[in-house]
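Position one of the sequence shown corresponds to residue 19 (my numbering), numbered consecutively onward.
It is worth saying that the hints were derived from the structure and are not from the lab. No residue lacks a Cβ here, since even glycine has one placed at the ideal position from N, Cα and C. Warning: the hint list may mix true and false statements.
Distance windows between CB atoms, simulated [stated by the list, open to error]:
| # | residue 1 | residue 2 | range |
| --- | --- | --- | --- |
| 1 | Glu-46 | Leu-84 | 12 to 20 Å |
| 2 | Thr-134 | Pro-75 | 22 to 30 Å |
| 3 | Ile-119 | Asp-37 | 26 to 34 Å |
| 4 | Leu-34 | Arg-94 | 16 to 24 Å |
| 5 | Leu-39 | Leu-103 | 19 to 27 Å |
| 6 | Pro-149 | Leu-103 | 17 to 25 Å |
| 7 | Gly-97 | Val-60 | 37 to 45 Å |
| 8 | Ile-153 | Ala-104 | 20 to 28 Å |
| 9 | Ile-61 | Pro-120 | 19 to 27 Å |
| 10 | Ser-107 | Pro-33 | 22 to 30 Å |
| 11 | Ala-108 | Asp-145 | 19 to 27 Å |
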Amino acid sequence: MNTSGAAYRMKANLPLGTDALSVRRRVEAIEKLLENTFRIPVINRPVGLDAIGGLIPIAGDLVTGLMGLYLIWEARNLGMSKWQLARMSANVGFDTLLGMIPLAGNVLDFLYRSNTRNLRIIQRHLDAHHPSTRIIEG
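Could you build the full structure based on these sequences and the hints that come with them?
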């Protein structure tokens with residue numbers, strides 16, 4: 019599969035609205051981009067830009083950390099509590115700091131997925147406060 023074509027299709031399908039369903043689709047797409055874009059063939063483990071960006075010392079972790087902050091910005095716009103926003107910020111901060119450790123940070127990027135954790139926090143909020151956005155997975 020052509021990954022650049024997949025990225026283009028993902029971009030083309032992102033909703034621009036501020037309604038809860040549009041936000042849900044955007045944050046799920048960002049999480050997929052950061053955590054589950056590619057599969058490592060030998061171990062069949064999904065990785066994303068967060069782990070790949072971590073291969074570029076300091077700058078890669080900062081860029082992917084900023085991308086992780088986008089999820090927090092969307093959560094703030096949804097009116098999520100300060101406690102939830104603080105937890106999400108701690109997840110991104112911890113992941114960014116871990117990623118800056120030479121070599122060990124790259125391994126830890128595969129294990130600690132702050133964006134997936136943050137997506138779950140947002141999904142729980144949306145499920146409780148905007149149940150019409152709930153997507154039934156089969």
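These are the hints, each one checked on the structure:
The hint said 12 to 20 Å for the Cβ distance between Glu-46 and Leu-84, and at roughly 19 Å that hint holds. At roughly 24 Å, the beta carbons of Thr-134 and Pro-75 sit within the given window of 22 to 30 Å. Hint check: Ile-119 to Asp-37, Cβ distance near 40 Å, so the stated range 26 to 34 Å is violated. In this structure the hint that Leu-34 and Arg-94 lie 16 to 24 Å apart at CB holds, the actual value being about 18 Å.
Between Leu-39 and Leu-103 the CB atoms are about 21 Å apart, so this pair conforms to the stated range of 19 to 27 Å. Our hint of 17 to 25 Å for Pro-149 and Leu-103 holds, since their Cβ atoms are close to 21 Å apart. Taking the beta carbon of each, Gly-97 and Val-60 are about 44 Å apart, inside 37 to 45 Å as hinted. The beta-carbon spacing between Ile-153 and Ala-104, approximately 27 Å, falls within the hinted interval of 20 to 28 Å.
Taking 19 to 27 Å as the suggested C-beta distance range, the pair Ile-61 and Pro-120 conforms, at roughly 22 Å. At roughly 25 Å, the beta carbons of Ser-107 and Pro-33 sit within the given window of 22 to 30 Å. Taken as a hint, the range 19 to 27 Å holds for the pair Ala-108 and Asp-145, whose Cβ atoms sit roughly 22 Å apart.
Of the hints listed earlier, the one the structure fails to meet is number 3.
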